[in-house]
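K.L.:
Sequence:
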Amino acid sequence: MGLPYKYTNPYSPRMPFGSAETDPTAANDDMAPADTKATFMRIPWIARKINQPGIVCRVSNGRMPKPDGEDSLWAEILKTPRTIRSTISFYKKPENDDDPVPEVTTVLTVGNGMNGHTDMIHGGITATILDECMGICQSINIERTHIAAVKRGKAFGELPPHDVTAFTRELKITYLLPVRTPGAIMVTTRRVKKEGRKEWLAGELKQCTGNGEDDDGEIVVCATGEALFLEPRPSKI
Numbered sequence: 001m002g003l004p005y006k007y008t009n010p011y012s013p014r015m016p017f018g019s020a021e022t023d024p025t026a027a028n029d030d031m032a033p034a035d036t037k038a039t040f041m042r043i044p045w046i047a048r049k050i051n052q053p054g055i056v057c058r059v060s061n062g063r064m065p066k067p068d069g070e071d072s073l074w075a076e077i078l079k080t081p082r083t084i085r086s087t088i089s090f091y092k093k094p095e096n097d098d099d100p101v102p103e104v105t106t107v108l109t110v111g112n113g114m115n116g117h118t119d120m121i122h123g124g125i126t127a128t129i130l131d132e133c134m135g136i137c138q139s140i141n142i143e144r145t146h147i148a149a150v151k152r153g154k155a156f157g158e159l160p161p162h163d164v165t166a167f168t169r170e171l172k173i174t175y176l177l178p179v180r181t182p183g184a185i186m187v188t189t190r191r192v193k194k195e196g197r198k199e200w201l202a203g204e205l206k207q208c209t210g211n212g213e214d215d216d217g218e219i220v221v222c223a224t225g226e227a228l229f230l231e232p233r234p235s236k237i
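Using the numbering used here, you'd call the opening residue of the sequence shown number 1 and step up by one each time.
In short, the hints are calculated from the structure, not lab data.
The C-beta atom is built at its ideal place from N, Cα and C for all residues, glycine as well.
A few of these clues could be false.
Unchecked claim - Beta-carbon label-pair distances, calculated as ranges:
#1 G123 - F167: 20 to 30 angstroms
#2 V192 - P53: 19 to 29 angstroms
#3 G54 - T118: 39 to 49 angstroms
#4 Y175 - L73: 39 to 49 angstroms
#5 T165 - K193: 17 to 27 angstroms
#6 P100 - N61: 11 to 21 angstroms
#7 Q52 - P234: 33 to 43 angstroms
#8 E170 - P53: 27 to 37 angstroms
What the hints assert, rightly or not - Calculated pairs, DSS-like style, for lysine-lysine (alpha carbon to alpha carbon, straight line, at most 25 angstroms):
#9 K172 - K151
#10 K92 - K49
#11 K193 - K172
#12 K66 - K172
#13 K151 - K66
#14 K151 - K93
#15 K49 - K37
#16 K151 - K92
#17 K194 - K151
#18 K37 - K66
#19 K193 - K93
#20 K37 - K93
#21 K92 - K194
#22 K198 - K172
#23 K66 - K93
#24 K194 - K93
Produce the entire structure from the sequences given, and follow the hints as far as they go.
P.N.:
Next up, the structure:
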């Protein structure tokens, strides 16, 4: 059965994986993953988004290994040359420090170590990526809220307390097109609404079709996600 859209993948697994001549998202198969803006500035369709005025780029704290094993999936298991090689998030800085960030974009370069079918990322990994990226959007806003409170003298510390977090309560994924590997992925997440401890978010996972990551392709939505995040009840102790 043919694909529902035209896609020419020059990074066939029959080629030497990670060669700079065949895959612009990786310089060398032996290089350790590096979460840097420079990686994505070499991918034109992503670079155009980053080069907008007022854009703030950052690396999610979830990519940092922790002694207690927290974030080990994102920071260790999926941080290899064959999984998620590089990822950063960016957003347009709000005019006021107290204003939330309504939309966050996370971009990733991925290898072929998370495939289900040939050249296609496993559907469970697609769901994981969307869930994590929506969590990044929420974390950025939790951090901004904390920083604003610090400036008003109502909180202390550079980062929110460790227990200020939220958990995925519901997650709905709609699969539209195959997510191709190796290559680049863009996930745009947005806040939908917040009611008390509940917050709803939505996300779109996109890729550029055509000849690899060049400008001759079309940006298509491969999957969408809807999630409900729930903050724990405050401790009574």
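K.L.:
For each hint, tell me whether it holds in the structure or not.
P.N.:
Comparing the hints with the structure gives:
Between G123 and F167 the C-beta distance comes to about 22 angstroms, which sits within the given range of 20 to 30 angstroms. A hinted range of 19 to 29 angstroms for the beta carbons of V192 and P53 is consistent with their spacing of about 26 angstroms. The given range of 39 to 49 angstroms is respected by G54 and T118, whose C-beta atoms sit roughly 41 angstroms from each other. In this structure the hint that Y175 and L73 lie 39 to 49 angstroms apart at CB is violated, the actual value being about 21 angstroms.
A hinted range of 17 to 27 angstroms for the beta carbons of T165 and K193 is consistent with their spacing of about 19 angstroms. Roughly 18 angstroms separates the CB atoms of P100 and N61, a value that falls within the hinted 11 to 21 angstroms. A hinted range of 33 to 43 angstroms holds for the C-beta pair Q52 and P234, which are about 38 angstroms apart. At roughly 36 angstroms, the beta-carbon separation of E170 and P53 lies within the given 27 to 37 angstroms, and the hint holds.
Annotation: proposed proximity of K172 to K151 is violated, straight-line Cα distance about 37 angstroms (limit 25 angstroms). With a CA separation close to 10 angstroms, the supplied pair K92 and K49 stays within the 25 angstroms bound. Pair hint K193 plus K172 holds up; C-alpha atoms about 16 angstroms apart against a cutoff of 25 angstroms. Proximity of K66 to K172 is assessed by CA-CA distance (about 29 angstroms); at most 25 angstroms being required, the pair is judged violated.
Note on K151 and K66: the hinted pairing is violated, with a Cα-Cα distance of about 28 angstroms set against a maximum of 25 angstroms. For a cut-off of 25 angstroms, the pair hint linking K151 to K93 stands: about 17 angstroms separates their Cα positions. As the CA atoms of K49 and K37 are separated by approximately 12 angstroms, the hinted pair is consistent with the 25 angstroms bound. Distance check on the hinted pair: K151 and K92 sit about 21 angstroms apart at the alpha-carbon level, within 25 angstroms; holds.
With a C-alpha separation of about 23 angstroms, the suggested pair K194 and K151 falls inside the 25 angstroms cut-off, and the hint holds. Our distance criterion of 25 angstroms between C-alpha atoms is met by K37 and K66, whose separation comes to about 23 angstroms. Restraint check: the Cα-Cα separation between K193 and K93 comes to about 20 angstroms, which is no more than 25 angstroms; the hinted pair holds. Straight-line distance between C-alpha atoms of K37 and K93 comes to about 17 angstroms, which keeps the hinted pair within the 25 angstroms bound.
Simply put, K92 and K194 have alpha-carbon atoms about 20 angstroms apart, close enough for the 25 angstroms limit, and the pair holds. Of the supplied pair hints, the one linking K198 and K172 holds, its CA atoms being roughly 16 angstroms apart against a limit of 25 angstroms. Of the pairs offered as hints, the one joining K66 and K93 is violated, with about 28 angstroms between alpha carbons and a cut-off of 25 angstroms exceeded. Only pairs whose Cα atoms come within 25 angstroms are accepted, and K194 paired with K93 is accepted, the gap being roughly 20 angstroms.
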